[in-house]
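Enquirer: Could you build all of it, start to finish, from the sequences and the hints given here?
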Amino acid sequence: MLEINDLKASIDGKAILKGLNLNVKDGEVHAIMGPNGSGKSTLAQVLAGRDTYQVEGGSVTWNGVDLLALPAEERARAGLFLAFQYPVEIPGVSNAYFLKAAVNATRRHRGLPEFDAFDFLARVKAEMKAVGMKEEFLYRSVNEGFSGGEKKRNEMLQMSLLEPKLAILDETDSGLDIDALKIVAEGVNRLRSPERSLIVITHYQRLLDYIVPDQVHVLAKGRIVRSGGRELALELEEQGYGWIGEGGDAAAGAPAGGPR
Amino acid sequence: MSAVASWAADFKARAPALPGANLPWLAALRKRAIDRFGAEGWPTRRKENWHHTSLAFMEEQVFSATGTHADPAAIVARLRAGETTPGHWLVFVAGHHAPALSAIGALPAGARLISLADALAQADDATASAIEQTFGSSDDGDSPAALNAAFATDGAFIHLARGLALEETIHLVFIAGADEASRHLRNLVVAEAGSRATIVEHYPDSGDAATLTNVVTRIDAGADTNISHLKLQQEGELATHIARLDTQQARGAALASHSLSFGARLARHDICTRFDGEGGEVLLNGLYHVDGRRHVDHQTRIEHASPRCNSREFYRGLVDDNARGVFAGRIIVAQDAQRSDAMQRCDNLLLSRQAEADARPELEIYADDVKCAHGATVGQIDDDSLFYLRSRGLDELHARHLLTYAFAAEALARIELPTLRQRAREALLARLPGADALGEMLEELA
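Residue numbers (the numbering used here), protein chains in the order written: chain A, 3 to 262; chain B, 696 to 1141.
Please keep in mind that the hints were generated in silico from the structure rather than gathered at the bench.
Even for Gly, the Cβ is constructed at its ideal location relative to N, Cα and C.
A few of these clues could be false.
[Said to hold, decoys possible] Now the stretches of chain A that chain B is said to cover, found in silico as 3 or more residues with beta-carbon under 8 angstroms:
# : stretch
1 : 42 to 52
2 : 62 to 76
3 : 92 to 101
4 : 107 to 115
Expert: Quick look at the structure:
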């Protein structure tokens, strides 16, 4: 269970999140939609522990633990995973090394024996097949020279290897063609389970044709301004985000229906 | 003492015992060289290419071999264990050829690999003339090269006949120690047209002694030759290392120089090449790591004296603690060297707030139809990369070590021979903190 209460965060003195509330129960998939600049990526980065953002107030509790008190790496080992909107290229570090280091850091934390090279390669090759990645990507530098789609697949590969309890997908669908989108959706759907929660951040509703969310939230100007079921996403697709007023409040002409 | 006057006095005492003392032309060159050194003294910051590295401290410096704990046989054994093929090993201890430690395999006809002292003793006309040229050429270098010409005791003499391809790598190992506090080494490679070889200069750690290494290596690369030169400088923390690599490339000659500088208190490397014919290619690849209060300085010079030559230069530096890394890369394109293609990069990673790096491209272009690109950076570990790794569960220190290694690994990737690349990687990892974990995993997944 993830509980976000009145979360306020800023970067370089500029307030981005202005009192955000969100609860995600185990096993649920929540979609967060909203216009550019509404704070979607900031939320993802703050949850993952990026310290260039300052948390100005509020709390984030995850399974009873104060998430904001943990450094990024401890959040990751505890099972939080962020699929980056812009995965970072790291020349000189092979994908194989990176993936193995990540998997073993998590396994150590969970009290599991570390994989040796042989077991690891067997496991990673199986997962690569599932996300449609060629083996050569194992021996290339992390994300270096990967196309947009290849980078996103690499994120999905990491997600399936790390078996997170809470996965946050930050616009994983952006820049993907429909085939790549389906592969991402399949990867996410394979991970769905009663003990695993997912937050899918997206600008467009098309990803939600393949990943059916339990709840949809609209984020605007640093707050959740509407929440609803899957149908809210379809409404947004039709009406766009123009109905959101200057103050971030739902102005007249907002789509009807759904809890406010 | 290393004061200029004491070198002059020392020269008088030692000259009669230097190799080739019986050869009048060499005695004259040596005399001229010591006179020049006496007149110029050690370079100071007033000289433009010594702006960041002063050797004025040498006046007061006392060099000593006390503290060299080197067991030369053990060092050579360890180096040889790292190779998958036998190679040809020419070993020098305290500036003199050590035949008992050397192991030169069966050389193909037309290949000569002997010590310079032996070459002088045998001196046929061709050899004498080649050696004369290299001693004469120190006029081009700075005063330490002149000091080297005066005192050079030994080094390697390598001659490759026309068209000869030497498959096995030549390893030159220079171990400090015994009772010699300073050593002046001179290597000469004469590669005739179409020949090819890989030559490695090893300067292993010989212990905590304030020794001086002063080395000049000259490569005469004939037409269409392919010579790869790798230098691995890992001297002890108190050592001073001053080196010069001088190459000339005839038409179509391809040369690669890899300078890996990880040791010594002060290391200065002058690396110069000149295209004397069309269609030459050169790769100058460099990697340095300095920490503590150490200092490393690379001064490179590529002279595009002929048209249609191609130079690629990549230097990377890791600078930690209060250390300082200096790079200056001069590229000169002569007026009639049309269609020259030159590219130069120097990137530095600062690992502490006090670390300092200077990277300076110096381009002199007199031709109009040229491609010339250069870039220099001094930066810190990238925050986005660091966060990305941490977000996957790697702790911050491990992530920093990994990114530091990765930065340097780009330079290693340019070393063609896998065994040399692996050796360079081990030498780098030996300098980096947290390398144990990195090294193991890198090997497993290599």
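Enquirer: Return the numbers of the hints above that this structure violates; sort them in rising order.
Expert: Structure breaks no hint.
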